[in-house]
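K.L.:
Dock chain B against the given chain A, drawing on the hints supplied.
Protein chains: 2
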Amino acid sequence: MIVNVSKKILIVGLGLLGGSYAKALKRFGFHISAITKEQSSIDYAIKEKMIDEGSTTLDERIIGEADLVIFALYPHVFVEWIKENQHLLKSGALITDVTGVKRNIVYEIQDILRPDAEFIPAHPMAGREVSGVENSTEKMFIGANYIVTPTEKNTPEAINTCMELGRLLGFSNVTTLSPEEHDEMIGFLSQLTHCIAITLMTCNDKEDMEKFTGDSFRDLTRIARINDLMWSELFVANKDVLIEQMDMFINKFGELKSMLETDDIDGMREMMRHSSKRRELFDKK
Amino acid sequence: MIVNVSKKILIVGLGLLGGSYAKALKRFGFHISAITKEQSSIDYAIKEKMIDEGSTTLDERIIGEADLVIFALYPHVFVEWIKENQHLLKSGALITDVTGVKRNIVYEIQDILRPDAEFIPAHPMAGREVSGVENSTEKMFIGANYIVTPTEKNTPEAINTCMELGRLLGFSNVTTLSPEEHDEMIGFLSQLTHCIAITLMTCNDKEDMEKFTGDSFRDLTRIARINDLMWSELFVANKDVLIEQMDMFINKFGELKSMLETDDIDGMREMMRHSSKRRELFDKK
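So the sequence lines, in the order shown, correspond to chains A and B.
Take the first sequence: its position 54, counting from 1, is numbered 56 in our numbering, and each next residue is one higher.
Take the second sequence: its position 280, counting from 1, is numbered 282 in our numbering, and each next residue is one higher.
Pulled out of the complex, with its shape left as it was, chain A reads as follows (with noise of 0.2 Å):
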C-alpha cells in the first residue's frame, strides 16, 4: 500500500460524498478528521465513528496536521478556500477533490497553490438522490468510476496516491484521463444525460401521470431530483462541450422524427438496431 495508514487525512467538506470517503477510508485505520460547516455534521460522524475529530471552523492545528487533504465542496468554493487558506496547509499536502468538472478548476488551484503543496485532481462518479453525511454509504463506490486528471505539474507519485486512493475507496475502475478528455466525456456522459432528464421531466405538466407511469420512465428520470445550484455550476463550468453534446443529440433526435414524419420505418428499425447493438457495451460486466 502506498497509503500508509500512520497518515493523516483531512476531509473539507463532510456530505454526502465526504461522507462517504470518511466511511470507507475509516476501515483501514487512517486517522480522519473533517471541516464543515455543521456541528451536527461532525457530531454524527463522530458518532458512528466515520472520523476522529472534526471542527465547523477554520482549526489551524487539524488542518496544519494533514498529510492528505481531500476537498468534497462546490467547485468555486474550493477554489476560495484555496486562495484564502492554502497558508494552513502542512508542507508536503497533497490535496485532491471530487469537482465533476475539470478544466476550469485544475489549472486554477495548480496556478495558485504553494510550491510545496500538490493538487492532483479526481472525480469519483458516484452519486445518490439524497444528501447529507447521514446517507452516506461506501457502497455508492462499487462498480463505480474514479477518474483521476493529472496535468503536467503532478508527480508520479502523486499520481500513484491518488488512484490507490480511488482502489481503497472501492472503486471498481480506477483510470486517467487528462482534463479535456474527462470534460468532454463527462459533458455526454453525465451532463447531458441531466439535461434531458430535467427536460423530460419539466416539458409536460398534464396531471396524473404518475398513476400510469412504468420503469421507463423512472428510469429516465431519476437524476432530475438534482441540486440545482451545484449542477448549474457545473453546466456553466463546461458550457463549450456541454453545448456541443445538446447540438448533437438534438440532431439526432431530430433524423428520429423526420423518419418518423415520413414513415420511414426502415430507417427507424436500423437506428434501433445500432442502438441496441451500441447499448450492449455498456452493460455492466
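Keep in mind that the hints were calculated from the coordinates and are not lab data.
Warning: the hint list may mix true and false statements.
Just so you know, same-sequence chains aren't split out, so a pair can sit in one copy or run between any two.
The list that follows gives simulated cross-link-like pairs (lysine to any residue, SDA-like), each with its CA atoms no further than 20 Å apart [to be verified]: (1) K92 <-> E67; (2) K208 <-> E246; (3) K49 <-> H33; (4) K28 <-> E140; (5) K208 <-> E257; (6) K286 <-> R130; (7) K286 <-> R224; (8) K241 <-> D265; (9) K213 <-> T178; (10) K213 <-> F284; (11) K286 <-> D217; (12) K141 <-> D217; (13) K241 <-> G269; (14) K9 <-> E55; (15) K259 <-> D249; (16) K92 <-> H33; (17) K286 <-> D221; (18) K254 <-> H196; (19) K10 <-> E55; (20) K10 <-> G31; (21) K279 <-> G216; (22) K92 <-> I114; (23) K254 <-> R220; (24) K254 <-> I267; (25) K241 <-> M261; (26) K208 <-> M250.
P.N.:
Leaving out everything else, chain B in the frame of chain A:
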C-alpha cells in the same frame, strides 16, 4: 372472483409477456392452452407446468374451447389473426390483448369482430430487455400498471372481467382510460422515453466511453435495447401524438440550451427545482 377457474384460457403468442401471463394465471388453477409459432416454446411451457397444452397450428378444438383468449401478438399480426381466424372462436368468447397502442387497434378489431364475441382491450405496462418464453416471470407485474381501455361497445361485465384479470396477474394498479387518453399518456410516458433513449445511445459514437460510464447514463439508456420490429410499428401507430410529444420535448430542451448559452443560472436553477419537485410525484409508492 368474477373469472371462474373452470374457464379455459387460451394465450395466442407465447413469448415473454404471454409466458408471464401463463405463469401468473396457472397459480390459480386455470386450464391454460397456447398457440404460438415455435414448438420449442410450447415444449418449454409444458415442461415448466405453465400451460396444459399447446399447438403451433390453428388447432380448432383448442381455439373452440377457450372462454377467454389473450392475444400477445404484434399489432398488425393481431388484426390479421382476427380477420382470418375469428370463425374458430367459441360463441360468447371474450378476447383481450396486450397491445401498447390502442386507438388504431381497438376500433378496427371491434368493427370486424363477430357480434357473439367481445373484445375488451388492455395494456399491461410491463416488460423486460430480454424476450422469449424462457424469460417469463410474473414478478414483472408487481408494482406495474394494467390499463383497460374500453369503448362504448363494451359491456360492464367484460370491463369487470378484464380488470379482474389484471389483478389476478398481479398488477399493482388496475385502471381504465379511453383509447385516446391511453395513447396520449403512453406517447409521453413510454414512446417519448424510448425515442430519447435510442437517440442518446446513437448520437455520439466516440469509442471507449463505456469504460467511464456511470449509473446515470446506464439508466437513461436501459431501454435503448429495443425490439426494432415492434417499436417501429408502435411509433407509427401513434404518430400524431408522438410527434407532438417530441416537439414539446425539443422546445423545452431548447429553452435549457438558451439559458446555458446566456449564463442564465437563475433560470436553470428554477427549471431544476421544478424538475426535482415534479419528480417526487413519480417515486414508487
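K.L.:
For K49 and H33, with the copy left unspecified, which applies at a CA distance of at most 20 Å: within, between, both, or neither?
P.N.:
within (15 Å within a copy, 60 Å between copies)
K.L.:
Pop the pair K241 and G269 into one bin, within, between, both or neither, using alpha-carbon distances up to 20 Å.
P.N.:
between (32 Å within a copy, 15 Å between copies)
K.L.:
State whether the alpha carbon distance between K9 and E55 is at most 20 Å within one copy, between copies, both, or neither.
P.N.:
Classified as within; 15 Å inside a copy, 70 Å across copies.
K.L.:
Please work out whether the CA atoms of K254 and I267 approach to 20 Å or closer within one copy, between two copies, in both situations, or in neither?
P.N.:
within (16 Å within a copy, 27 Å between copies)
K.L.:
Is it within, between, both, or neither for K286 and D217, if the alpha carbons may be no more than 20 Å apart?
P.N.:
Classified as both; 19 Å inside a copy, 9 Å across copies.
K.L.:
Should K254 paired with H196 be assigned to within, between, both, or neither, using CA atoms and 20 Å as the limit?
P.N.:
both (18 Å within a copy, 14 Å between copies)
K.L.:
Could you figure out if K208 and E246 sit no more than 20 Å apart (CA to CA) within one copy, between two copies, both or neither?
P.N.:
Between copies only: 14 Å across, 31 Å inside.
K.L.:
Pop the pair K286 and D221 into one bin, within, between, both or neither, using alpha-carbon distances up to 20 Å.
P.N.:
The answer is both: 16 Å in one copy and 11 Å across copies each meet 20 Å.
K.L.:
First find the shortest C-alpha distance between K286 and R130 inside one copy, then the shortest across copies, and answer within, between, both or neither for a cut-off of 20 Å.
P.N.:
The answer is both: 18 Å in one copy and 16 Å across copies each meet 20 Å.
K.L.:
Within, between, both or neither: how does the pair K28, E140 come out at a Cα-Cα threshold of 20 Å?
P.N.:
within (11 Å within a copy, 43 Å between copies)
K.L.:
One pair to classify: K92 and H33, alpha carbons no more than 20 Å apart. Within, between, both, or neither?
P.N.:
Answer is within; shortest intra-copy Cα gap is 16 Å, inter-copy 78 Å.
K.L.:
Within a copy, between copies, both or neither: where do K213 and T178 come within 20 Å Cα-Cα?
P.N.:
between (44 Å within a copy, 11 Å between copies)
In the structure shown, no violation is registered for any of the earlier numbered hints.
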